[in-house]
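Protein chains in written order, with this note's numbering: chain A, 1 to 151; chain B, 152 to 412.
Be careful, since some hints might not be right.
[Unchecked claim] Straight-line Cα separation of at most 25 Å, DSS-like style, residue types lysine-lysine; simulated pairs:
| # | chain 1 | residue 1 | chain 2 | residue 2 |
| --- | --- | --- | --- | --- |
| 1 | B | 229 | A | 73 |
| 2 | A | 76 | A | 145 |
| 3 | B | 295 | B | 172 |
| 4 | B | 229 | B | 263 |
| 5 | A | 76 | B | 172 |
| 6 | B | 263 | B | 172 |
| 7 | B | 235 | B | 172 |
| 8 | B | 323 | B | 158 |
| 9 | B | 323 | A | 27 |
| 10 | B | 388 | B | 214 |
| 11 | B | 235 | B | 214 |
| 12 | B | 323 | B | 229 |
| 13 | B | 235 | A | 27 |
| 14 | B | 263 | B | 235 |
| 15 | A | 27 | A | 73 |
| 16 | A | 76 | B | 235 |
| 17 | B | 323 | A | 76 |
| 18 | B | 229 | B | 388 |
In case anyone wonders, no lab produced these hints; they're calculated from the structure.
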Amino acid sequence: MLRNIVIVLLSFGASAGFGLVFGIETKRLPLAGLCGAISRIVLITCQSFIPNRVAYLFLSALAAGLLADFLAKRTKTLSTMYLYPAVVPLIPGDLLYYMITGFLIRNQELAITNALEFVGALAGLGLGFSAVNIVRHYEIVHKRKGNAKAN
Amino acid sequence: MKLLTEKETGVVLDYMLNLGKQMLGAGASLERTQDAIYRTCHAYGLVDVSLYALSSFLSLSVKNASGFSAHEQTTIPKSAIQMKKLDQLNSLSREVCATTPAPSRLLPMLTKACHVTPYPRWAVCLAQTAALLCLCGLFNGGLKELPAICLIVPICNVVSWLITRPGVDVGKVVNELLSAFIAGSLSMLYCRLVPGADVYILLITSAFMLIPGIPIINSVRNVMCGNEVNGAIELMKVVVETVTIVGGLVVSAAVFGGGVL
């Protein structure tokens with residue numbers, strides 16, 4: 001439990017730090033960090049219930065996308081502003097690194113294992129972002145219908 | 152809605168192309184940029200809009216109500232993500248679509264929106280160091296590894312700045328290869344000086360500093376959101392960049408590692 005709290009706090013720090021590197025305004029940095037922390041909480045929670053990487057990354061990407069959309073609407077800005085810090089904990093950079101290292105040092109087992117994991121991670125993230133787009137689409141359609149009725 | 156003359160159509164087209172260029176340059180997603188351009192076309196009554204967009208290229212042709220058509224294309228130089236600028240460009244795009252100001256005012260408004268003072272280099276370097284210290288902690292790094300990160304990040308930043316200055320620019324591949332080699336070499340040498348420091352934690356943290364994480368995410372988003380060509384190109388770029396980075400780390404391990412890999 002304590003380790004998980006530390007991980008969430010470190011994720012907050014990493015996302016806020018990268019937020020500044022991405023040029024996010026200082027007043028928005030705490031929210032950027034919060035996005036990273038919440039993404040990590042969702043990731044840890046999903047990991048403990050679902051062993052499949054595609055499934056838990058799908059749910060985490062979905063949560064990150066929806067959270068970024070929600071905060072963007074509340075603060076009247078772009079969802080990208082919060083999405084980039086939110087996905088920092090989800091980036092499968094370690095898998096890509098080990099995959100390429102495996103190829104370069106001719107360790108086939110390391111390369112293939114990580115390549116499959118990497119493809120799975122990309123699939124999970126991609127499906128998560130697609131789901132966010134679908135939700136967004138239906139939200140816009142619903143809003144337009146509401147406006148049409150009001151007129 | 153006032154009908155645009157031929158000259159005004161050209162000016163609006165110029166504005167849209169420059170807006171797209173600036174948005175993509177500042178790190179906007181392709182979908183958001185396309186959306187901004189389509190909305191502007193709609194607001195100014197332009198029809199038959201044909202937009203071909205990649206992260207590095209934009210081509211746009213439009214027709215006004217009287218049937219005059221115009222076409223422009225541009226390449227997009229690679230630059231760092233700049234969210235503050237992107238926010239201002241997004242606000243401008245919304246304002247233009249809502250109020251449709253006179254076309255002659257569009258380019259000055261765009262120039263004003265692009266004027267953003269970035270954070271000073273030292274602040275970015277400090278933030279990156281703090282972020283990587285957190286990542287090092289996430290990879291189970293302890294007090295023995297943290298000083299190495301405080302050393303590696305500023306040195307790599309300075310080297311990167313020196314070799315990418317205007318007039319000296321050696322290209323992204325050489326920059327990343329050199330940065331990875333320096334980061335890897337410093338990690339190996341540090342671990343020789345400080346017994347007990349974990350070289351793998353330092354290597355993976357250094358790799359995270361250089362691996363293009365956001366482009367990985369954007370490429371996947373592009374593929375799943377209908378921009379498959381751009382997604383595939385971006386993914387290929389990510390793989391090439393990662394091969395370069397890992398290559399630099401492997402060479403440093405071969406030189407200074409003493410069989411660490």
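Taking the hints in turn, this is what the structure says about them:
no., hint, verdict
1, 229/B - 73/A, "violated (29 Å)"
2, 76/A - 145/A, "holds (22 Å)"
3, 295/B - 172/B, "violated (45 Å)"
4, 229/B - 263/B, "holds (21 Å)"
5, 76/A - 172/B, "holds (23 Å)"
6, 263/B - 172/B, "holds (15 Å)"
7, 235/B - 172/B, "holds (16 Å)"
8, 323/B - 158/B, "violated (39 Å)"
9, 323/B - 27/A, "violated (32 Å)"
10, 388/B - 214/B, "violated (35 Å)"
11, 235/B - 214/B, "violated (33 Å)"
12, 323/B - 229/B, "holds (10 Å)"
13, 235/B - 27/A, "holds (11 Å)"
14, 263/B - 235/B, "holds (13 Å)"
15, 27/A - 73/A, "holds (16 Å)"
16, 76/A - 235/B, "holds (13 Å)"
17, 323/B - 76/A, "violated (35 Å)"
18, 229/B - 388/B, "holds (12 Å)"
When each numbered hint is compared with the structure, violations occur for hints 1, 3, 8, 9, 10, 11 and 17.
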